[in-house]
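Engineer: Residue numbers (our numbering), protein chains in the order written: chain A, 1 to 116; chain B, 1 to 112.
Errors might be hidden in some of the hints.
[Unchecked claim] Which stretches of chain A does chain B cover? Using the computed rule of at least three CB atoms under 8 Å from a CB of chain B, they are:
hint : segment
1    : 72-80
2    : 99-109
[To be verified] Sample of chain B residues facing chain A (criterion: CB under 7 Å; computed from the structure):
hint : residue
3    : Gly42
4    : Gln56
5    : Phe103
[As the list claims (entries may be wrong)] Among chain B residues calculated to face chain A with C-beta under 10 Å, some are:
hint : residue
6    : Tyr50
7    : Pro61
8    : Ala80
9    : Leu83
10   : Arg108
For the record, the hints were derived by calculation from the structure and aren't laboratory data.
For clarity, every value in this text was computed on a predicted model and none was experimentally measured.
All C-beta atoms, glycine included, are put in the ideal place defined by N, C-alpha and C.
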Amino acid sequence: AQTVTQSQPEMSVQEAETVTLSCTYDTSESDYYLFWYKQPPSRQMILVIRQEAYKQQNATENRFSVNFQKAAKSFSLKISDSQLGDAAMYFCAYRTDMDSNYQLIWGAGTKLIIKP
Amino acid sequence: DAGVTQSPTHLIKTRGQQVTLRCSPKSGHDTVSWYQQALGQGPQFIFQYYEEEERQRGNFPDRFSGHQFPNYSSELNVNALLLGDSALYLCASSLVFGGGYTFGSGTRLTVV
Chain A
1 AQTVTQSQPE MSVQEAETVT LSCTYDTSES DYYLFWYKQP PSRQMILVIR QEAYKQQNAT
61 ENRFSVNFQK AAKSFSLKIS DSQLGDAAMY FCAYRTDMDS NYQLIWGAGT KLIIKP
Chain B
1 DAGVTQSPTH LIKTRGQQVT LRCSPKSGHD TVSWYQQALG QGPQFIFQYY EEEERQRGNF
61 PDRFSGHQFP NYSSELNVNA LLLGDSALYL CASSLVFGGG YTFGSGTRLT VV
């Protein structure tokens with residue numbers, strides 16, 4: 001069974017600094033998708049960034065980038081120039097559409113605190 | 001363009017009661033998934049609906065059931081509520097042939 005592990009329950013960073021959130025996963029599939037979602041106090045899950053496993057190039061979205069290491073099954077999120085609005089829970093998630101399996105499998109989350 | 005709308009926002013129920021949660025998907029989306037998020041944890045997949053049928057189910061008992069209507073909206077029903085059912089219930093809509101998920105703000109269910 002696929003699993004997603006986030007080993008950092010909480011991280012803090014000074015405003016304008018860079019922070020990296022860690023995520024590892026376990027799967028026997030070769031074709032899958034990885035996601036980072038942000039959940040602010042409003043509770044709505046907001047997609048931060050998405051990576052297709054077949055793409056070697058790491059995904060980037062403005063200040064957000066990932067370090068995808070397929071062999072190591074690692075998918076970390078780097079946030080550059082941290083802003084107060086980045087404070088939230090961050091969840092790493094995995095999905096494969098193989099064998100009619102459409103669910104997102106989630107890590108336990110990392111609480112990101114931004115210090116002004 | 002409305003995103004995913006969930007109702008109610010909060011509700012409190014007594015053990016043994018039944019509850020119905022509702023979800024209206026993002027305009028143009030045809031697939032609805034439900035997730036349960038206990039406090040301090042990541043979401044757990046309950047089930048997904050497409051074309052008014054349950055397409056996949058997670059590891060949840062039969063007390064959890066759902067429905068999808070012709071307009072793609074969906075309901076989640078939970079019977080014989082237990083204290084452990086207290087959680088945030090998230091609805092996510094998507095297109096069956098891929099693309100991203102759009103989440104609602106969830107329904108906070110408290111069972112007392």
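Engineer: If any of the earlier hints don't hold here, list their numbers in rising order.
Structural biologist: 1, 7, 8, 9
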